[in-house]
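Same order as they appear, the protein sequences are chains Y and C.
Heads up, the first sequence stops at 354 in this note's numbering, and the numbers go up one at a time, no gaps.
Heads up, the second sequence stops at 1102 in this note's numbering, and the numbers go up one at a time, no gaps.
Accuracy of the hints is not assured; some may be wrong.
As the list claims (entries may be wrong) - Far from chain Y, some chain C residues (derived; all Cβ distances over 10 Å): (1) Pro1007; (2) Leu1011; (3) Ile1022; (4) Glu1032; (5) Gly1041; (6) Glu1056; (7) Asp1057; (8) Arg1060; (9) Glu1066; (10) Ala1070; (11) Arg1072; (12) Ser1073; (13) Pro1087.
Said to hold, decoys possible - Residues from chain Y shown here face chain C by an in silico Cβ test under 8 Å; the list is partial: (14) Gln35; (15) His36; (16) Phe37; (17) Lys245.
Unchecked claim - Quick list of in silico lysine to any residue cross-link-like pairs, SDA-like style, CA-CA up to 20 Å: (18) Y/Lys245 to C/Val1061; (19) Y/Lys245 to C/Arg1058; (20) Y/Lys121 to Y/Glu82; (21) Y/Lys283 to C/Val1061; (22) Y/Lys34 to C/Leu1043; (23) Y/Lys283 to C/Gln1047; (24) Y/Lys34 to C/Ala1031; (25) Y/Lys283 to C/Leu1043; (26) Y/Lys245 to C/Ala1031; (27) Y/Lys133 to C/Arg1058.
Just so you know, the hints here were simulated from the structure itself, not pulled from any lab data.
Model, not experiment: these values are computed from the prediction.
Glycine residues also receive a C-beta, built at the ideal position from the N, C-alpha and C atoms.
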Amino acid sequence: MHTHPAVVSASRALPPHFIDQETLIAALSAYWGKQHFNVERLADIHRATRVGGRHLALPLAEYPGLDTFRKCNDAFVRVGAEVGEAAVRAALDRAGIAPADVDHLFFVTVTGISTPSLDAKLVNRLGLPARVKRTPIFGLGCMAGAAGLARASDALRAFPGEVAVLLSVELCSLTLQREDMSVANVIASGLFGDGAAAVVLEGGARARAGAPRIEATRSVFYPDTEWVMGWDVVDTGFKVLLSPKVPEVIEANVGGDVDRFLADHGLAKGDVRHWIAHTGGPKVLEAFRRAVGLPEAALERSWRSLREVGNLSSASVLFVLADLLDAGEARPGDVGLLAAMGPGFSAELLLLRW
Amino acid sequence: MNPVPSPLTDLEAAVAREILRIAREDLAIAAEPAPDEPLAGRLDSLQLLSLVVAVEDRFRVILSDEDARATRSLEDLARLVAERASPDRLAGPADSAGQAAP
């Protein structure tokens, strides 16, 4: 019997309102032009994110009406329940597991709040059993997809015969601070998109051939780096804090962290065939690649996800994981490393083996 | 060998002071670069980009990538803005220069 929990399926769900980057730039230019003289410079900042387009939670025409935090958050709860349900249903279908068999529901987000948390709505909408243990996690930001997987696997080590579902819902467009014309906010509005991802995990006692096992996880907290990334909670909602030092912190630390994590399990970077990295942005991806010493092609799935849907915060790394699983490329014995970084500042690493 | 740059004119010096004020008061940038110091050495990339955007807004000028390559220091930036900006956008800092150094 395996002792390690397994990733059985992963799915992606996107809101239906796709908009390409140039159309979005044209729409935002009207706001930028109120305060900024050289609108083309801000457009270039958007283009530098290398994002081709985003699937927005709402039709573009509805965003001007989102003039209070309450309206934004109401939209988060409504649309979040829809895309969250779609993601979980798809993941359960792929896994061949009925909603009634789910024992744990981990829910991660950083783009909206509610009490009860969104997972409670999904228990009702999906018909999950009354015994389901809900664990909503808020505040880990982009790292929460990886951290949620790690915490779900922790739970399944205690309950190896059970099933856990991890759901990430991030509707970043609903946090846009239109009156904040700072460069940091312009970058964020060019980079972040909307989406949901769900992953179904089984405990080690429920053996299933071909599913990657989560052999180990590692959390790394970087002391005194709270200022690097986060939200400044203001009257109009969540205002992004994004330091240009993020790539520096990653480059200074993550390579060593990955090496130590792998070495503790008798492995080295050369043993890893699949790198499943949070998409971040161009500078974050490059910093991660350099820190770990990878060839450019190693992170192609992350780059593609960034181009296609933008940075989906915690859902991004799960999108990359789902892409890998859908491709069916992994072979028995393959080793994968899943990694994401986020506010704290901190990193979460998972060792997968097929 | 690089030519020794000439001292700033009163107008250019006033523009330089206004740029420092924007950095300090509008952008809350704590680092204060010396006039001839490379800006990129004192400001991080986000601060530098924010300062360029703010200078473009204040003086109604557009600074191209080519301008950016030729602009290393605060003095360089002040000279460029003083040359490029229309007189009405320069009136404020020019006046304040007069007050500061009568």
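Verification of the supplied hints:
Remark: the non-interface label on C/Pro1007 is consistent with the geometry, its nearest Cβ contact in chain Y lying 29 Å away (cut-off 10 Å). Listed as a non-interface residue, C/Leu1011 keeps its Cβ farther than 10 Å from every Cβ of chain Y; the least gap is roughly 20 Å. At the 10 Å boundary, the C-beta of C/Ile1022 stays outside the reach of chain Y, the nearest C-beta of that chain being 13 Å off. Remark: the non-interface label on C/Glu1032 is consistent with the geometry, its nearest Cβ contact in chain Y lying 19 Å away (cut-off 10 Å).
Non-interface status of C/Gly1041 relative to chain Y is upheld: no Cβ of that chain comes within 10 Å, the nearest being about 14 Å off. With 10 Å as the threshold on Cβ separation, the claim that C/Glu1056 sits away from chain Y is violated: the shortest Cβ distance comes to roughly 4 Å. A beta-carbon of chain Y is positioned within 10 Å of the beta-carbon of C/Asp1057; the least distance is around 5 Å. Residue-level check failed: C/Arg1060 sits 5 Å from the nearest beta carbon of chain Y, not beyond 10 Å.
Chain Y leaves C/Glu1066 outside its interface by the beta-carbon criterion, the shortest separation being 14 Å against a cut-off of 10 Å. No beta-carbon of chain Y is positioned within 10 Å of the beta-carbon of C/Ala1070; the least distance is around 17 Å. Every Cβ of chain Y is farther than 10 Å from the Cβ of C/Arg1072; the closest lies at roughly 19 Å, confirming the non-interface assignment. No Cβ of chain Y comes within 10 Å of the Cβ of C/Ser1073; the nearest lies about 20 Å off, and the non-interface call holds.
Its beta-carbon lying about 17 Å from the closest one in chain Y, C/Pro1087 satisfies the requirement of being farther than 10 Å from that chain. Because the smallest distance between the Cβ of Y/Gln35 and any Cβ of chain C comes to about 7 Å, under 8 Å, the interface hint for this residue holds. Restraint check, Y/His36 versus chain C: the minimum CB separation of about 6 Å is within 8 Å; hint holds. Satisfaction of the interface hint for Y/Phe37 is found here, the shortest Cβ-Cβ separation to chain C being roughly 5 Å, below the 8 Å cut-off.
Below 8 Å, beta-carbon pairs count as interface contacts, and Y/Lys245 has one with chain C at about 7 Å; its hint therefore holds. For the proposed pair Y/Lys245 and C/Val1061, the alpha carbon gap of about 29 Å is over 20 Å, so the pair is violated. Among the hinted pairs, Y/Lys245 with C/Arg1058 is inconsistent with the structure: their alpha-carbon atoms are about 27 Å apart, more than 20 Å. Restraint check for Y/Lys121 and Y/Glu82: satisfied, since their Cα atoms lie roughly 10 Å apart, inside the 20 Å limit.
Distance hint between Y/Lys283 and C/Val1061 is unfulfilled; the C-alpha atoms sit about 28 Å from each other, more than 20 Å. With a C-alpha separation of about 26 Å, the suggested pairing of Y/Lys34 with C/Leu1043 is violated against the 20 Å cut-off. With a C-alpha separation of about 16 Å, the suggested pair Y/Lys283 and C/Gln1047 falls inside the 20 Å cut-off, and the hint holds. Between the alpha carbons of Y/Lys34 and C/Ala1031 the distance comes to roughly 28 Å, so the proposed pair goes past 20 Å and is violated.
About 18 Å separates the Cα atoms of Y/Lys283 and C/Leu1043, which keeps this hinted pair within 20 Å; it holds. Straight-line distance between C-alpha atoms of Y/Lys245 and C/Ala1031 comes to about 15 Å, which keeps the hinted pair within the 20 Å bound. Pair hint Y/Lys133 plus C/Arg1058 does not hold up; C-alpha atoms about 56 Å apart against a cutoff of 20 Å.
Comparing the model with each earlier hint shows violations of hints 6, 7, 8, 18, 19, 21, 22, 24, 27; every other hint is respected.
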